[in-house]
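Novice: Sequence:
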Amino acid sequence: MNDAYDRSDRFELIAACDEAVLARFANEILEPNPSMTVLQEPKPQLLMQQVREPVEHRPFNLGEVVVTPAEVKLRQNRGFAMQPGKSERAALSGAIVDAAVAARHELSDKIVEELEAVGKNRRAEQTHEWNESRHTAVEFETMEDEL
1201 MNDAYDRSDR FELIAACDEA VLARFANEIL EPNPSMTVLQ EPKPQLLMQQ
1251 VREPVEHRPF NLGEVVVTPA EVKLRQNRGF AMQPGKSERA ALSGAIVDAA
1301 VAARHELSDK IVEELEAVGK NRRAEQTHEW NESRHTAVEF ETMEDEL
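Reminder that position 24 of the sequence shown reads as 1224 in our numbering, one-by-one numbering, no gaps.
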């Protein structure tokens, strides 16, 4: 499923994580005052969201969405995060968390545990939402059924 030690999974988990949790971890990581450089300041911007249409599986641009990316260098490790919406604090905190996990910071196991719990809760919510809406599905009869 979601492995927070895997960077692509970690990006998704950080984007789904609560801002307060990310900020708490970022503050703990920065408490001893390590060397950190902000490579990309968190500024909201528009990003084109591309999806695949379900029939011919061709990509098309659905529209623009607001996101807030940030990138840092923590000691020798780079960290990146992109948060949905206007979330400067969450984006910068997420980038710090990403760099710390990439560097196997002493808090990494604790961070990974929290991020994976976020992923598990997210999957449970999605399953619940799907189960709640499943009863609205329409089943169509075919002409063969009537013959």
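Be a bit skeptical, because a hint or two may be false.
Claimed, not checked - For lysine to any residue, the following SDA-like pairs were computed, each having C-alpha atoms within a straight-line distance of at most 25 angstroms: (1) Lys-1286 - Glu-1316; (2) Lys-1243 - Ser-1208; (3) Lys-1320 - Arg-1289; (4) Lys-1320 - Lys-1243; (5) Lys-1286 - Val-1255; (6) Lys-1310 - Asp-1218; (7) Lys-1273 - Lys-1320; (8) Lys-1273 - Trp-1330.
To be verified - If you anchor each label on the Cβ, the simulated ranges turn out as follows: (9) Thr-1327 - Val-1265: 23 to 29 angstroms; (10) Thr-1327 - Asn-1261: 28 to 34 angstroms; (11) Val-1238 - Ser-1333: 37 to 43 angstroms.
To be clear, the hints were calculated from the coordinates, so they are not data collected in a lab.
Just so it is clear, CB atoms sit at the ideal spot from N, CA and C, and this is done for glycine as well.
Novice: Against each hint, give a clear statement of whether it holds in the structure.
Specialist: Hint by hint, here is what the structure shows:
Distance restraint check for Lys-1286 and Glu-1316: the Cα-Cα separation of roughly 24 angstroms lies within the 25 angstroms cut-off, and the hinted pair is therefore satisfied. For the suggested pair Lys-1243 and Ser-1208, the alpha carbons sit about 22 angstroms apart, so the restraint of at most 25 angstroms is met. A threshold of 25 angstroms between alpha carbons decides the hint, and for Lys-1320 with Arg-1289 the separation of about 24 angstroms falls inside it, so the pair holds. Restraint check for Lys-1320 and Lys-1243: the C-alpha separation of about 29 angstroms exceeds 25 angstroms, so the hint is violated.
This hinted pair does not check out: Lys-1286 and Val-1255 have alpha carbons roughly 34 angstroms apart, beyond 25 angstroms. Proposed proximity of Lys-1310 and Asp-1218 is supported: the alpha carbons are some 15 angstroms apart, at most 25 angstroms. This hinted pair does not check out: Lys-1273 and Lys-1320 have alpha carbons roughly 29 angstroms apart, beyond 25 angstroms. The straight-line distance between the Cα atoms of Lys-1273 and Trp-1330 is roughly 40 angstroms, outside the 25 angstroms bound, and the hint therefore fails.
The supplied range of 23 to 29 angstroms is met by Thr-1327 and Val-1265, whose beta-carbon atoms lie about 24 angstroms from each other. Between Thr-1327 and Asn-1261, the C-beta spacing of about 30 angstroms keeps the proposed range 28 to 34 angstroms intact. In this structure, Val-1238 and Ser-1333 meet the distance hint of 37 to 43 angstroms, their C-beta atoms being roughly 42 angstroms apart.
Hint compliance for this structure: hints 4, 5, 7, 8 are not met, and every other hint is.
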